Amino acid sequence: MTVESVSVNKVRNVLLVSVPPDPEDGIISSLQEKILDSMERYHDLQGLIIDISMVDTMDSYFARTIIETAEMVRLMGGLTIVAGMAPSVAITATQLGLTFENLSTALDVDLALDMMLEKKGVGVFGENY
Amino acid sequence: MKIIDSDSQGQTEIKAESDMVAVRKIVRERAQTLGFSMTEVTKVVTAASELARNIYRYADKGIMKWYLLRRDSQQGLELEFVDNGPGIDNVELAMSPGFSTAKGLGLGLSGAKRLMDEMELDSRSGQGTRVVIRKWVSNAR
Numbered sequence: 001m002t003v004e005s006v007s008v009n010k011v012r013n014v015l016l017v018s019v020p021p022d023p024e025d026g027i028i029s030s031l032q033e034k035i036l037d038s039m040e041r042y043h044d045l046q047g048l049i050i051d052i053s054m055v056d057t058m059d060s061y062f063a064r065t066i067i068e069t070a071e072m073v074r075l076m077g078g079l080t081i082v083a084g085m086a087p088s089v090a091i092t093a094t095q096l097g098l099t100f101e102n103l104s105t106a107l108d109v110d111l112a113l114d115m116m117l118e119k120k121g122v123g124v125f126g127e128n129y
Numbered sequence: 001m002k003i004i005d006s007d008s009q010g011q012t013e014i015k016a017e018s019d020m021v022a023v024r025k026i027v028r029e030r031a032q033t034l035g036f037s038m039t040e041v042t043k044v045v046t047a048a049s050e051l052a053r054n055i056y057r058y059a060d061k062g063i064m065k066w067y068l069l070r071r072d073s074q075q076g077l078e079l080e081f082v083d084n085g086p087g088i089d090n091v092e093l094a095m096s097p098g099f100s101t102a103k104g105l106g107l108g109l110s111g112a113k114r115l116m117d118e119m120e121l122d123s124r125s126g127q128g129t130r131v132v133i134r135k136w137v138s139n140a141r
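Top to bottom, those sequences are chains P and A. Counted from 1, the first sequence has number 62 at position 62 by our numbering; the numbering is strictly sequential. Counted from 1, the second sequence has number 139 at position 139 by our numbering; the numbering is strictly sequential.
Chain P extracted, bound-state conformation:
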């Protein structure tokens, strides 16, 4: 699997990222670079939705990279929403001791888009919808 197989799509003012079920460490870290590059390249990007609904294992490395990425995107002026965490992953992450206090989350991508609209005033319908 290469990082090219991870889908990163700009939809209007939002960057949509789908994480594959069991990514290698290298894919996770290059995904971070890809996201930050996109933030720089598209000046109209207001935020990022990371869809992890396919992910079946999230260990501390994976979580740390996501938390870090969200902080970097925030420093660049964007909002990150993590969408679709499976119940088994949420239970495991909490028992592992992970904390996602500063991370916005949503049940699925649909609700994440609603949240983006609410917080940033944008969504897939564009600005000032």
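Treat the hints with care, as some may be off.
Covered by chain A, per the in silico footprint, the following chain P stretches (three or more residues, Cβ under 8 Å) [what the hints assert, rightly or not]:
| id | stretch |
| --- | --- |
| 1 | 24–33 |
| 2 | 54–65 |
| 3 | 94–104 |
Just so you know, these hints were derived from the structure itself, not from any lab. Remember, it's a predicted structure, so these values are computed and weren't measured experimentally. Think of the CB as a built atom: it goes at the ideal place given N, C-alpha and C, for glycine as much as any other residue.
Fit chain A to the known structure of chain P by using the hints.
Just chain A now, with coordinates in the frame of chain P:
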């Protein structure tokens, strides 16, 4: 307690980043075969991922051995992570949440312990590390 036949044990090397994916795959398959719930499978796979990463990060290489367990009517899975790396200076400190010497959250050992039923850690500075974790399939299902 260990079932000793060729189908009930195995091992895999950990020496590259991609081996962590292999470890997760093997552990997932074994745990699913034993009948763990989806959440229990996720816990075991996540604990294995943390320990495999510790080997790759601190010791460069090592192995994971797996064994199917039986105790009375209960079935379980044992994973053993062995390396000849630098070992751990202070096992008690290394087990405390938040402790980390490398780039990480410091949750590897303490987190793996919380996700499993049993954990044993054997290590001395300069003499490598051996970590054994076990989880039993709960009967109340």
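Structure-based check of each hint:
no.	hint	in the structure
1	24–33	holds (count 3)
2	54–65	holds (count 8)
3	94–104	holds (count 4)
Checked against the numbered hints above, the structure breaks none of them.
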